[in-house]
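**Q** Listed below are the residues making up each chain.
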Amino acid sequence: MPVESIFPRLEALLPKVQKPIQYVGGELNSTVKDWDSADVRWALMYPDAYEVGLPNQGVAILYEILNELPGTLAERTYAVWPDLEALMRAEGVPQFTVDAHRPVRAFDVLGVSFSTELGYTNLLTALDLAGIPLSAADRGDDDPIVLAGGHAAFNPEPIADFLDAAVLGDGEQISIAISEVVREWKAEGRPGGRDELLMRLAESGGVYVPKFYDVDYHPDGRIKRVAPNRADVPWRVHKHTVMDLDEWPYPKKPLVPLAETVHERFSVEIFRGCTRGCRFCQAGMITRPVRERSITTVAAMVDNGIKQSGFNEVGLLSLSSADHSEIGDIAKGLADRYEGTNTSLSLPSTRVDAFNIDLANEFSRNGRRSGLTFAPEGGSERMRKVINKMVTEEDLIRTVTTAYSQGWRQVKLYFMCGLPTEQDEDVLGIADLAKKVIQAGREATGSRDIRCTVSIGGFVPKPHTPFQWAGQADHETVDRRLKALRDSVRGDKQYGRAIGFRYHDGKPSIVEGLLSRGDRRVGSVIRAVWEDGGRFDGWSEHFSYERWMAAAEKAGVDVDWYTTREREENEVLPWDHLDAGLDREWLWQDWQEAVSGAEVEDCRWTPCYDCGVCPTMGTEIQIGPTGRKLLPLTVV
Amino acid sequence: MQRLRVRYAKRGRLRFTSHRDISRAVERAVRRAGIPVAYSAGFSPHPKISYAGAAPTGVASEAEYLEIGVTTPCDPGQVRQGLDESLPPGLDVLDVVEAGPGGLADRLEVSDWEVRLPGADRELAEVAAEKFLATGTVEVERLTKKGPRRFDAREAVLGLTVSEGADRTAAQMAGEPCVILRMVVRHMTPAVRPDDVLTGLRLVADFAPPVPPEVTRLAQGPLDVSTGALADPLDLDRDTTRGGEAGPVGEHVAG
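Chains as they are written, first to last, in UniProt numbering: chain A, 1 to 636; chain B, 1 to 255.
Bound-form chain B, shown alone (with noise of 0.2 Å):
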């Protein structure tokens, strides 16, 4: 069986999709667009279509990751185009590979975050950053689906950079200076995610954004130890599929 493995964002007003909204969209694109998804034996079939990591509800993200079975070998590009124009304008397909060997969910090792806090101090943020780096561990609480749990916020942080730019989505702030946070978190058990980090600055340096942060998952994927960057977590696949190939993922306009 075929696998294909795909890369999608989710933008703008559609960053309030929940897992499972995404989950059902993506069983109806399939269909619409005639994918020739495989389905699981047994009593009650399910279309064979796995998801790696989702980004929490009401966070955006420019990579995404998806697994789909295939009865018959696809077209990667004409995949890409065909689950792209079924989906609705905001869930968007950035790219599609054939499965190599290995799983996708272990190359997404880290993920590369931006926060944007519109009517933020950028002082303040900065110093908050720096404090907490300079801590060691710093324990938030998060309420769970099990109840209130505590962990370290800190570990998982391997970058935390601030800047500043336009405010790009809450209008009454249009063209104002927004403080944006950036930050390359591991991924680990318990999830640390931007929220916790933002409980973290609030607990270490007691700074507080005056309005909900706008949160978009940039990348996840494999760290390049020499570098320290994010790499792309499909160029294995393109790698060992189509001897590296493929070309750039396209930038999309947000829907």
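Excised from the complex, chain A in its bound form (with noise of 0.2 Å):
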């Protein structure tokens, strides 16, 4: 039976909102399939505004997978803005997709992308808008799958109450693998209903079903242990590793936006994974090992999506993508390629070394050298072997002064602030190197115009990192220390007003911080704040750091106990059944010496030393090079 388009309903609404053109859909290379022509139906979710949700590649990627797929449709559906939300409840209005413009709750599935756990509120508007309950235990056979994804989704304890399912990893390959198992147990007439189809899901070991799992605590609130109630439901649920990059050269058909959006390019992963092992980083941590994506891999699909979307500007991404075995020459070729136009390439370049400014002067080539970006992310020698960031002050001025040298007059750099075994003196440490960055900036090019940005955000220990049992730093503490810093930076007759400084204040890392590492418990207070307003909490205009503590009050939840406590080794963790392939005793020790300042090498150029990933799901590392040169196109 056909699904009827809420769209004209919503027409009559949207003169009344702003920016109403990010909620009609039409965008190029989208796709909208007549609803009978499949039996599984996606509707994947990004819970923030559109702007931002659009250019996500993730759910980009599995639109374009599922669409692919026979008998599967998929469309989006993002955070509608509280002005249209107001309205839409007035009106009666339910949570739509933009690409036919159909409710919700029509759909089997609603796929949830979370790269945030700010974004847990607005899946709790999406939900209440579409008419699907918010608990997941008073769901009918009618209402969609709620399955979660992204790296939140490696702890999803915190929104299990309203959550189906959630699954690990890489999604191309297990969303086919779920539509398949919806597929037929629809084709069968849904036997046992809801309960049978998550049953199905979970029994894979793929798919995990947070219902199918029950959490036992000690008197002092620590967990005791999480089971499975349930038989043929395994014990730990593991991630998912797409091996062979090449062979899902996604996305195909980039989405054009008519509205703006954050990332106005076509972006190409050039790989996925990480090994260079800062301790900080859930990203490198959850993605491993690192599998690239070829030369030329990367050069054909370049050279679609630019035909395809009309795009100007061309990003090539990845965890750190200067560590390509062949970025010197796809940065190269495709430099080559695309002279003379008008085509911008960018890599988002955070290492430390001369050779990165090689490959910035190669995209730069016929554009403008304005600003060059590095993260060391501690200020002082000590913090930087605590996160096994490893890059020395000598590095930072021998790269930065051959970047000014060469033509670039601003560098950006990024810190965090709150690390673990954090001082005083590690964050002051940031303003010395800052003034040091424009000293080597004006002796190299006789010139004072030379800028530095320095940006910080705090720190927020994450689940399945060796930094997974550290105490977070209080807010007082990280306000106190960049309070130091600026005025540090500021009070300087030299250097103060050639040094910019960007920083967020300490609370929203807090309430990071407890849905990063919280429990089911934590969902009372996700609910709580979500009832009392909260929305867009990634916003600082909508984020309420009251709201939260009054919640987490009322709810009985401790926050300091979810965020400022350290973990013992052999504590229960609210993920450990959630296998992300890191082995715990590895993570431990890696912690153990972080906190003695020893550092790790990348095992892409050392040895092994058994993170566990590989062995145990087994995947393994996949670089080159090739050796494969890229030819100039013949018509350009």
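A portion of the hints provided could be inaccurate.
Said to hold, decoys possible - Where chain B lies over chain A, by a calculated footprint (3+ residues, C-beta under 8 Å): (1) 10-22; (2) 300-312.
As the list claims (entries may be wrong) - Derived lysine-lysine pairs resembling BS3-like cross-links, with alpha carbons at most 30 Å apart: (3) A:253 - B:48; (4) A:385 - A:412; (5) A:16 - B:131; (6) B:48 - A:19.
Hints are computed from structural coordinates only; laboratory data are not their basis.
Note that the structure is predicted; figures quoted are calculated from it, not measured.
We treat Cβ as the ideally placed atom computed from N, Cα and C, and that holds for glycine.
Hints given; two lone chains; assemble the complex.
**A** Printed below as a string of structure tokens:
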């Protein structure tokens, strides 16, 4: 039975809201399939505003793969802003997809991609607007399976009450497998209802269904154990890893929005995974091992993507793009191919070495040299050893000297505050570094027109990292250190004006910390915050620390216990039954080595140090070089 | 450098595009269509595409205009087809001509607007229009980016008629009769928009439509003083470059 478009009812509301174009769909390369042509239907949600969600690679890739799958359709839905939410409630318009404006509740699966925990309240808004019960336990056979993915899904426990299922890791293959399980179950006439479908998904070991696991607690609040409550449900659920990215060259049909979005470019993931071993970095830990796309596949994707989209910027993405084994040839080959076409290439450049500047020079060959970004992350040598960010002060000064002398005028430096074992002087070291950077630039160029911007983020300990046991710094400490740092920069007559300073206060990090390492008891806080009007927590103008603290207090949840408390080795962590492949003993050992300042090398170039991922997951490092070169395109 | 003048429509749900949205979409479509667009020189080169009198966000149009500078001469017919195929449905290219002498913006003197008012009362609308036209000046206030601004909405209005038709976009009223205002409005500074005229109708006769109006620009161009009708602003280019050869503008299906 066809499902009616809600667009006519929505259309009447659009003249009254900000940026109505974000709700109308119609993007180039978007797909609208006939409802009855598919027996498995996915609504894919990115739980933030359209302008943030549309460029998200994960959603875009799954959207394409699922729409290519016979008998399957996928549409997209995003968080609506409060102005439209209010009108939708008043007029009874449900949460809708932007493709065919179908009501989300009519789909079989609602897949939600969580890059950050701060999207949790937006999930609740979407469920409520869709008419889907917030609590998974209250859902019936007509409700979609609510399925979480993305990095935050590696600890979905705080939203376990609201989820039917979660998937860890790469989504390409598992989303197809899930589709087939749903298809079979529907074809058989939905035997056993919702419960059996979830059971079939759980049995495979590739889908986590929270309700099939019970959590017991010690009297002091720590978790005693997490165990399956049914036979045939595995004790641990494993992450998914796509091997051979050349076989999955998505996106092939990049979505080109009409509305302005945060990234206006065609992005190609040049490799997945990172083994640099930065201890704070959850992405680097949970996406192992490194799997490169070959130089020829990258080039073919760029060529196709530009033709399909008309974008004039190409981003070569990964967790540390300069580490691709053939990045030099990729950079030169692409710069040659697109010279004179007003197509710019960009690389999120974070590595601090001169090679990175060669790449940046290549990419800016026919464009401007405005700014370069480096991420030393820690302000002192000691701090950088603790977090395993192997950059010395000499490296940094040498690198920026090269950059400034080759025509770059602005350098941006990323740091974190609130890292484990951090002292006041580690943060004040950031000011010293920035001053030395300016001094080096002035000496290299003989000019005083040199800028350096220091950006500082608050550190949040994340699950499946060596810092998962660490006590998070309280926000008073973080704020005090940032203030001292700011005073030290601003008060400097010689350099102060050349240094820009960007930071946020420490309170949002505490809420992020609560949600990152929380367990199922945190769910009631999320719900209470949402009921109190909490929306768009990733946006400073919407975020309210006080609202979160008030809700936590009412729910009897001790925020400090979840955030600033250091855990002991044997404490059961809420995500221990979810397997990212990392050996728990190795993580603990790496945590101990962090505290003593011992560094770990990258396993791409040095022997394996047994983090556990490859043998557990049956995967291996896939890197070049392939030795292939890019030839000029015949017609540009 | 050859310059091409393009008439395009903004239809259906794409009426919610802003001017900035359209300019991004056009730049990308030009690249996809392989049109050899010229770029400005300098530190950050921009494609040479200029826009004349864009309709506001939320307002549909059958008569928007832009001009593209190209590095090698192009056949206007091919550009029309290539650009239309590369733009999303709802941004539809209607006409392309090679630019003759004289600026395009100068020719866009007047707009012809259609304002559909689902659920409004026809008699009240007629009374309001009569009163409005009989008034010398009607001061309205509009919130601009620089704050509230007061100006006369009456002088710019050359014609204002009321008729009736079927509503076509808001489905909950589909098929129901709908009051239609036609306004011929001279482009002035500050610009008088259809919603300013509606504000004027409310001020002079307390006329207020129950739901937001659906506004479409039907045409813009020079005013033919002898007939009082709007002329096609691209005719002058056709006369100078092609001896007046081009055919009429095709009617496209709304996207």
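**Q** With reference to the structure, classify each hint as holding or not holding.
**A** We went through each hint and held it up to the structure:
no., hint, in the structure
1, 10-22, "holds (count 8)"
2, 300-312, "holds (count 7)"
3, A:253 - B:48, "holds (27 Å)"
4, A:385 - A:412, "holds (21 Å)"
5, A:16 - B:131, "holds (28 Å)"
6, B:48 - A:19, "holds (26 Å)"
When held up to the earlier numbered hints, the structure conflicts with none and fits them all.
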